[in-house]
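**Q** Given next are the chains, with one letter for each unit.
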Amino acid sequence: MGQERFADIADRFANGYADLAASASPETIKRWQEELERGFKRMTNLAQMVQHPVEPRTGQTPREEVYRKGKARLYRYASRRAHKTPLLFVPNLGISRPYIFDLLPGGSFIEHMTKQGFDFYLLDWGVFGPEDNELSFEDCVVKILPRAARKVLESSGAESLSVLGYCMGAPLSASFIASHPEIPVKNFINMAGPIDFSKVGLFGLWLDRRFFDVDRFIDTMGSLPADMVKAGFKLLRPTMDLSTNLNLWWNLWNDKYVEGFNALNKWANEYVAFPGEFFRQWVRDFYQGNKLYRGELVFGGRPVKLSSIQAPLFVVGAKEDYIAPPACVRALIDAVSSRDKDYVELPGGHISLIAGRGASTHCWPRVSSWLAERS
Amino acid sequence: MTDVSAASQQLFDLWKKQLEEGAASWARSLGQNPTPTPDPLSFWKPAMEHGLQTWARIFATTPVTPDLMGQWKQFLDQSIEAWSKALSQVMSTEAYAQAMGKALEQWVTAAAPARKQTDQALEGTLQALNIPTRAQVTGLARQLMDLEERIDRLDDGISAILRRLEGGKA
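In the order they appear, the protein sequences are chains P and W.
Anchor point for the first sequence: position 231 equals 231 in this note's numbering, and the numbering is continuous, going up by one each time.
Anchor point for the second sequence: position 104 equals 104 in this note's numbering, and the numbering is continuous, going up by one each time.
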């Protein structure tokens, strides 16, 4: 079947529509009119987006800074504080900015949690420069997280805290909780955080020590630049931009959709570099060595054994998560000693847990209700 | 209308299955021959031809509906999804990972001397102009971070003493 036949078939297809137009019912004509109106609206919104782009107002939930260390900032969000136990939220370090968690009013995880009465603290790791290249995963676990946790306890006046790790924030939090039994962690939540790196999917294969020499890379480059982080994530789903733009075109008539798209698109294209030593340790000990899951890590002279975690645990995986596939997230359930533990697997991908309509209906209420019972 | 959607769906499913099977055999052949193809056009050509043929087949058999735009959107969505699956299959092979690793290695090998040369030239120029170099500014920032760490340790120590004192009082 070649080009000629393709043209013939397309012609026949077009003729079919010509016949349909000739014998169109009022319902069909109405639908076409609607589509035409949407087409005009699409063009108007497209012109608006190109000529007068609006800067999305992300991160609107009121907050105050309670601690800073290096580039890291600990923020406390305003809420009615109906629950005794404060919540420390630990997101990923590098890769992207944390305003995705407080994207827009009505579509913000932080807004949801504060409305549910949680005393919510966010640890923003910051945007790294060459001066941060010595910062390692171990530094985050030994120097930053324990202090952030103490500041949460101090400023809230509580006796214990809950910790929620999202994405890379989950192995960071798990390493911290496992190596600091003196910090009173009452509950632990892992949202889409990889734990068993033998099941981590494409990134695991690409970063395999047979194909990727992380030492040579970091020794030469000093860090993992933001552009390379972007390239890695784009490669993971090469058709993502195509489907995003197609969906934008399809929904361009809808002002609400366009507003959400602008905010999410801003976030999705703002990548953050990895500090060199952090990336080296992240790849070598986690992706290549799977040392967290195997219990072979020692941070600050303390062994990191997941089996020493006894706090109630809630693990949330996403069915179509390519960054942290459900199997590698779920592994935490069997690795800890907690008696009260639960796992849910929700539809969607990695980001679907924290942004979008699905997140606010399927994910956030599950997380907040599990935590509310234990806070 | 339901019949039309079901027929379209059946066709899409068939097409996706064919594409996935094609990609699987493609991935297998890549696995047997780990040397990356030098010509990217010839690498993608079989897939492009296959795609074109499939589009033509879909045009020939898709029933005509009043919802032309909706039908196109459905078709494009499923095409993109099928392409995504097919590409994922290829990218999940060790041959692909090896090729990517090699490309990165070559890039790093080429980048290292160029980077060193640029840094040296820039540093020389900035020093001649009596302007702080990147290394000097970075060094200063690191000194500040060291100081911050020392203050934090003092803070930790004072907090620990206060806690002990409060414990003693109680």
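No wet-lab data here; the hints were simulated from the structure.
Note that this is a predicted model, so its numbers are computed, not measured.
Take the hints with a grain of salt, since some may be wrong.
Said to hold, decoys possible - Between beta-carbon pairs, the in silico distance windows are:
#1 P:22 to W:74: 23 to 29 Å
#2 P:294 to W:157: 31 to 37 Å
#3 P:33 to W:76: 57 to 63 Å
#4 P:308 to W:92: 16 to 22 Å
#5 W:157 to P:51: 37 to 43 Å
#6 P:307 to W:126: 24 to 30 Å
#7 W:141 to P:307: 18 to 24 Å
#8 W:122 to P:242: 25 to 31 Å
#9 P:184 to W:120: 48 to 54 Å
#10 W:69 to P:255: 16 to 22 Å
#11 P:244 to W:120: 39 to 45 Å
#12 W:167 to P:127: 56 to 62 Å
Glycine included, every Cβ here is placed at the ideal spot set by N, Cα and C.
**Q** Look at each hint and say if it fits the structure.
**A** Verification of the supplied hints:
1. Between residue 22 of chain P and residue 74 of chain W the beta carbons are some 24 Å apart, a value that agrees with the proposed interval 23 to 29 Å.
2. Under the hint 31 to 37 Å, the C-beta atoms of residue 294 of chain P and residue 157 of chain W, about 35 Å apart, fit the expected range.
3. For residue 33 of chain P paired with residue 76 of chain W, a C-beta distance near 23 Å fails the hint of 57 to 63 Å.
4. The supplied range of 16 to 22 Å is broken by residue 308 of chain P and residue 92 of chain W, whose beta-carbon atoms lie about 35 Å from each other.
5. For the pair residue 157 of chain W and residue 51 of chain P, the beta carbons lie near 59 Å from each other, so the given range of 37 to 43 Å is not met.
6. Checked against the hint of 24 to 30 Å, the C-beta distance between residue 307 of chain P and residue 126 of chain W comes to roughly 53 Å, which is inconsistent with it.
7. In this structure, residue 141 of chain W and residue 307 of chain P break the distance hint of 18 to 24 Å, their C-beta atoms being roughly 39 Å apart.
8. Checked against the hint of 25 to 31 Å, the pair residue 122 of chain W and residue 242 of chain P fails, with Cβ atoms roughly 39 Å apart.
9. A hinted range of 48 to 54 Å holds for the C-beta pair residue 184 of chain P and residue 120 of chain W, which are about 52 Å apart.
10. Between residue 69 of chain W and residue 255 of chain P, the C-beta spacing of about 19 Å keeps the proposed range 16 to 22 Å intact.
11. The hinted range of 39 to 45 Å is satisfied by residue 244 of chain P and residue 120 of chain W, whose Cβ atoms lie roughly 42 Å apart.
12. For the pair residue 167 of chain W and residue 127 of chain P, the beta carbons lie near 40 Å from each other, so the given range of 56 to 62 Å is not met.
Of the numbered hints given earlier, the model fails hints 3, 4, 5, 6, 7, 8 and 12; all others are met.
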